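These protein sequence lines are chains E and R, in that order.
Position one of the first sequence corresponds to residue 113 (this note's numbering), numbered consecutively onward.
Position one of the second sequence corresponds to residue -1 (this note's numbering), numbered consecutively onward.
Check the hints yourself; a few may be wrong.
As the list claims (entries may be wrong) - Covered stretches of chain R (in silico footprint by chain E; criterion: 3 or more residues with CB under 8 Å from a CB of chain E, positions within the stretch not fixed):
(1) 477 to 485
(2) 490 to 504
As the list claims (entries may be wrong) - Partial pick of chain E residues on the chain R-facing surface, computed with a CB cut under 10 Å:
(3) A215
(4) L223
(5) W224
(6) R225
(7) V227
(8) V229
(9) V230
(10) R232
(11) G260
(12) T261
(13) K262
(14) H263
(15) A264
(16) V266
(17) D274
Think of the hints as simulated: they come from the structure by calculation, not from any bench.
Model, not experiment: these values are computed from the prediction.
Beta carbons: idealized from backbone N, C-alpha and C, even for Gly.
The lines below spell out each chain.
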Amino acid sequence: MSETAPTYGDIGDGVSARLVADGAAHSLDSRWITYRRQVGWLNTAGHALLLAGAAVFAVMVELVSAPVAATAAGVPVLAIAAVNQVWPGLAYRYAAWRLDARALEIRRGVLWRSVVVVPRSRIQHSDVSQGPLERRHGLGTLSVFTAGTKHALVRLHGLDHDRALAMREHLLRADEDDVI
Amino acid sequence: MKTTSSERRLHPVSIILHMGQLLPRMLLPFVVLLFTAPQQRKALVLLMVVAAIAAVVALIAIVGYLRYTYRYDERDLVIRSGVLVRNERSIPYVRIQNLDASQNVVQRLLGVTEVFVQTGAGVEPEATLSVLPLAALEEMRARVLAAGGAARPVSGAGQAPPTAVSDAEQTTTGGYSDGDQATPGAAAADAHARHTLLALTPRDLVLAGFIENRGMVLIVGALALLEQAGATNRVVERLIDTEDGSLRTLAGRWLGDGGVPVLQGAVYVAAALLLALLFIRVLSTVWALVRLHEFRLERTGDDLTTAYGLLTRVTATIPLRRVQTIIVRDRMLHRLIGRRQVAVETAGGMTGVPGAPQREPIAPIIPEGQVPALLGVLQPGLDLDAVEWQPVHPRAFGRMVRSSLFWPVALSVVAFIFVREWAIAVFLLLLVNAIVRARLRVRNLAWSLTRDSVIVRDGSFTRTIRIARYNRVQVAAVRRSPLDMRTGMARVRADTAGAHRGVVIPFLSEDRAVVVQEELVARTAETAFTW
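Here chain E stands alone, though its shape is the one from the complex:
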């Protein structure tokens, strides 16, 4: 927890609501792009390993010659690496969220774009989670559970971790006053 980052936790109701549920459209945390790119590298590495293994195997059983195998494996890996490098920037551009007294709205998607709105009264409960890489960047994911089927679980990635916690706290506290 850095000291320069604003803390959302212990402030009284009105102020935290203003900070957390301000009804303004927010982009994801800018650190998310770096984080996703790093995840992308892991993803690329995984695919590279798989493809390299397949290529080596193919060469060993003399299915194809070495240069052919190298190209057949190398080209996809390059493509995957390129996509993983470029995609996070695009996804960041089209991602946004907004939380106000009435609902939580999440925009996402590059090719398939969606706007999901979860009314506050329909939130059953919520989680904040942090993968190991997310932890390194101070990011967190807010998961909101509803009674829906297709949208039983709505995730909001790329939040500052403290902010995510504050949002969850806010949802919890406001929830207690709701009729369930």
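Position chain R against the provided structure of chain E, taking the given hints into account.
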């Protein structure tokens, strides 16, 4: 295995029934092998293996039976079970929504039934008692009712059904919610206030079966059984492969020896196909007659109860408050004879009893004139005739055709590998099909946000009207695929807790979609959601 005096067991016959469930699947291959084993010694070994398996299964069944007990505590129904891992489950009577029952043929002959204890949320029953004597079921119902639960007596499962009324009696919804169950006396009296909403005659079932055309399910089931018995190969042999395979000889006799003029051959094939299709429909009819025998839909207080089945008798209860979406469906044939089908979705799944083979709609077939009355029971104030239908995007037809081109093209490419030039015929057929469907669908597609609910009309040959009340809508989502973005359209989904992922309005213009979503959120946010 000691039990206190108040602990009861299932009916002892459940041991045998349980074995009867486990054994066939495990033994059938061995039994078949037995009959085909030529040598004496092999047969003996197999016999011993079969006996050993049977003994083990029997042991499991007996121990399971002895370990399963239930008792009536002051506030809870307590069920203990488990052979290795002991489990004790307490179900407070007040949480018990209903006790559903299912009896198959054997169980009915023996006078026992499977009981499903249903509580408020969730789709799976809290507990399943397999099997109890009928008297024990009645006792359970009485006790749960007296102790504050809502387990109303239902017709079927051993009880004499009330005198059948074939019209939908629309007795006014004066029977208000006695959901408090404060006074057992009042609850008991109200529990008997049953109104029959729908009772299907065999003629109705014949129509329903013919239209739904589920004969293939039976055929696939029969094939699966054959496969399990390991007999498929031999059946196929007998029918087709060998020199004297039955179908082959038949075909030979029809077509004569030597060549067959193409036209005649084609006619024969077409006729055979038609006969086959007709046969499947007939099968479907028979199955509907058996499956939905004496179908009855009743309203008891705040619940709907359905009872049906000849071989397996099923009784199920659906509390009206658990209804998430209502679906009115009709196929072409339905419309031809002025019928519809009405179904409801409850949380996580369709209506029906978990143990029963199928979950049935609450009205498998119903005259269209009776639909408004039924809808009025499900959702007071719902009037489909008064709905102001809104259209979708004017270019929806073009968009539909574009997106439906994928399969015709893909399948034609595949067909090309097999039938070369005829692939064009395949493509044309599929294309015409896609275009006709799109045309019909566009003419039917409409939506509306009424005072209480979001309603969407969709479908080409089979049409559906889906209705979800705002207080059942969970999430409002707008989605645009790449094709949507190019055509300036979007799809709105009002997600519910029902099975089919809510109500979807496709092919709206982008701006409209945003407005509709906003409206949905506004109406949804101001209503509370309760299970």
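Hint by hint, here is what the structure shows:
1. 477 to 485: holds (count 5)
2. 490 to 504: holds (count 9)
3. A215: The hint holds - A215 of chain E has a Cβ within 10 Å of chain R, the shortest such distance being about 6 Å.
4. L223: Status holds, d = 5 Å.
5. W224: holds, 5 Å
6. R225: holds, 5 Å
7. V227: Since chain R brings a Cβ to about 5 Å from V227 of chain E, closer than 10 Å, the hint holds.
8. V229: It holds, given that the least Cβ distance between V229 of chain E and chain R is near 5 Å, below 10 Å.
9. V230: Since the shortest Cβ distance to chain R is 5 Å, the answer is holds.
10. R232: holds, 7 Å
11. G260: For G260 of chain E, the interface hint holds, since the closest Cβ of chain R sits about 4 Å away, which is under 10 Å.
12. T261: Nearest chain R Cβ about 5 Å off; hint holds.
13. K262: With a closest approach of 4 Å, the K262 of chain E hint holds.
14. H263: This hint holds: H263 of chain E lies near chain R, its Cβ roughly 4 Å from the closest one there, short of 10 Å.
15. A264: Holds, about 8 Å.
16. V266: Result: holds, 7 Å to nearest chain R Cβ.
17. D274: violated, 26 Å
In summary, the one numbered hint that this structure violates is 17.
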